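Going down the list, the sequences are from chains A, B, C and D. The C-terminal position of the first sequence is numbered 123 in the working numbering, with every residue numbered one higher than the one before it. The C-terminal position of the second sequence is numbered 123 in the working numbering, with every residue numbered one higher than the one before it. The C-terminal position of the third sequence is numbered 123 in the working numbering, with every residue numbered one higher than the one before it. The C-terminal position of the fourth sequence is numbered 123 in the working numbering, with every residue numbered one higher than the one before it.
Hints were generated in silico from the structure; no laboratory data involved. Values in this document were obtained by computation on a predicted structure and should not be read as measured data. By construction, the Cβ of each residue, glycine as well, lies at the ideal position given by its N, Cα and C atoms. It is possible that some hints are incorrect.
As the list claims (entries may be wrong) - Some, not all, of what chain B presents toward chain A, calculated at C-beta under 10 Å: (1) Asp-2; (2) Ser-3; (3) Ala-30; (4) Glu-49; (5) Gln-51; (6) Lys-60; (7) Gly-82; (8) Arg-91; (9) Tyr-100.
4 protein chains.
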Amino acid sequence: MDSLDRLNARLLQFARDRDWEQFHSPKNLAMALAGEVGELIEHFQWLTEEQSAGLSPDKKVLVGEELADCLIYLIRISERLGIDLLAAAERKIASNERRYPVERVRGDARRAEEYDPPAQADH
Amino acid sequence: MDSLDRLNARLLQFARDRDWEQFHSPKNLAMALAGEVGELIEHFQWLTEEQSAGLSPDKKVLVGEELADCLIYLIRISERLGIDLLAAAERKIASNERRYPVERVRGDARRAEEYDPPAQADH
Amino acid sequence: MDSLDRLNARLLQFARDRDWEQFHSPKNLAMALAGEVGELIEHFQWLTEEQSAGLSPDKKVLVGEELADCLIYLIRISERLGIDLLAAAERKIASNERRYPVERVRGDARRAEEYDPPAQADH
Amino acid sequence: MDSLDRLNARLLQFARDRDWEQFHSPKNLAMALAGEVGELIEHFQWLTEEQSAGLSPDKKVLVGEELADCLIYLIRISERLGIDLLAAAERKIASNERRYPVERVRGDARRAEEYDPPAQADH
Chain A
1 MDSLDRLNAR
11 LLQFARDRDW
21 EQFHSPKNLA
31 MALAGEVGEL
41 IEHFQWLTEE
51 QSAGLSPDKK
61 VLVGEELADC
71 LIYLIRISER
81 LGIDLLAAAE
91 RKIASNERRY
101 PVERVRGDAR
111 RAEEYDPPAQ
121 ADH
Chain B
1 MDSLDRLNAR
11 LLQFARDRDW
21 EQFHSPKNLA
31 MALAGEVGEL
41 IEHFQWLTEE
51 QSAGLSPDKK
61 VLVGEELADC
71 LIYLIRISER
81 LGIDLLAAAE
91 RKIASNERRY
101 PVERVRGDAR
111 RAEEYDPPAQ
121 ADH
Chain C
1 MDSLDRLNAR
11 LLQFARDRDW
21 EQFHSPKNLA
31 MALAGEVGEL
41 IEHFQWLTEE
51 QSAGLSPDKK
61 VLVGEELADC
71 LIYLIRISER
81 LGIDLLAAAE
91 RKIASNERRY
101 PVERVRGDAR
111 RAEEYDPPAQ
121 ADH
Chain D
1 MDSLDRLNAR
11 LLQFARDRDW
21 EQFHSPKNLA
31 MALAGEVGEL
41 IEHFQWLTEE
51 QSAGLSPDKK
61 VLVGEELADC
71 LIYLIRISER
81 LGIDLLAAAE
91 RKIASNERRY
101 PVERVRGDAR
111 RAEEYDPPAQ
121 ADH
């Protein structure tokens, strides 16, 4: 069984056992995800980019916990909406591969709509 | 090969092919994740909880794309920090199972520190 | 002296006294703002809309502190970029008054681009 | 009349004229604020700190609009909760001046709880 499916099944059981599905509307779960991302970003806000890439082992554990929380809420939202998160990610990567052809964007981090004329912006 | 590992390998190749690793500091990727979560939350902000659980098929596609973007950045941050995202999620779920015993929290959505005396808060 | 100007002067002095301007790039301050908004949203994520409008006095103090932090970082970002926050807000409100004419949007919370044909979306 | 009071009165009228107060629960407004902060952060995510301090005039206008949106929602949340945003900001600044004495934190951006023993953390 795939890892995301396994996590999903375990999280669903966790919520049902606690009668917490009543709180797990997509709206609320999106808020919970935003809260976790806020906690994640607080670890990085006063660091330089270099420092952010060289966290101490202790910090790395804390950051890993925030990343885990984010993944947990992503999986829960997807489950509540009946969205196949893995398939959505694969579609999105394929789309990005088309939107950002290697020869065009190499070494340049602008978003697709900044390359394209506005009328074709799809972001 | 597991789904998250496969996505990770594909995303790493995507970044390398475009020479985008230079932009992908954990700091920047955490910001990009926050931006995507902002886009996600905009879909839900004026909806009731009930409406958020009953999106139209069109809206569901759009929301799926935002969820995909979030997963993509989560995987990228984890890769850059050398964090095993799947293992971190499994540890976090096990920790939540201990922090929120079924018999204690059933039907009650407070956070652990609101159950515990403040001195024992671990959140 | 206007309240926002007064807060701005005080916050600027605060940063200079501590030699913290070196950390206060717009990029970092935007992250700090996102972190505070994450803390704000955590207060509301499991509440119904009705509950969110009826906070206890204790909760209201905590929420007020998060709102204060958000305002502080908004003012700091504006100062660092040389943006007149008050003037920007007044322009934005005037623009919203034009984009959302009373007779057209009364009681309907869709965003402007959902009223307009996509080619004219300005959001 | 103070600027924040004036903005507040105008925004309240704007919402009432459109019968939008029904959508403006603190919960929903906190989400809307998070959405705007997400848009703000997207402007900075791939910039270096230096680049973020040297935006082009065009970019500065766009960033000013996001900052304005953030201020608008901050004011709206405060109004709905009966919180005096200005007083809350002044209290928070006074508190920060005590928590971060100049002689102790000069040039060092750690948060108060990283200076203090955990039992005294108030963040």
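Verification of the supplied hints:
1. Below 10 Å, beta-carbon pairs count as interface contacts, and Asp-2(B) has one with chain A at about 5 Å; its hint therefore holds.
2. Against a cut-off of 10 Å between C-beta atoms, the interface hint on Ser-3(B) holds, since the closest Cβ of chain A lies about 5 Å away.
3. For Ala-30(B), the shortest C-beta to C-beta distance to chain A is roughly 5 Å, which falls under 10 Å, so the interface hint holds.
4. Because the closest C-beta pair between Glu-49(B) and chain A is about 4 Å apart, less than 10 Å, the hint holds.
5. At about 8 Å, the closest approach between the beta carbon of Gln-51(B) and any beta carbon in chain A falls short of 10 Å, and the interface hint on this residue holds.
6. Given hint, Lys-60(B) at the interface with chain A, holds; its Cβ is 6 Å from that chain's nearest Cβ, closer than 10 Å.
7. Among the interface hints, the one on Gly-82(B) holds; its C-beta lies about 8 Å from the nearest C-beta in chain A, closer than the 10 Å criterion.
8. Checking Arg-91(B) against chain A by beta carbon gives a least distance of about 7 Å; that is within 10 Å, so the hint holds.
9. At about 6 Å, the closest approach between the beta carbon of Tyr-100(B) and any beta carbon in chain A falls short of 10 Å, and the interface hint on this residue holds.
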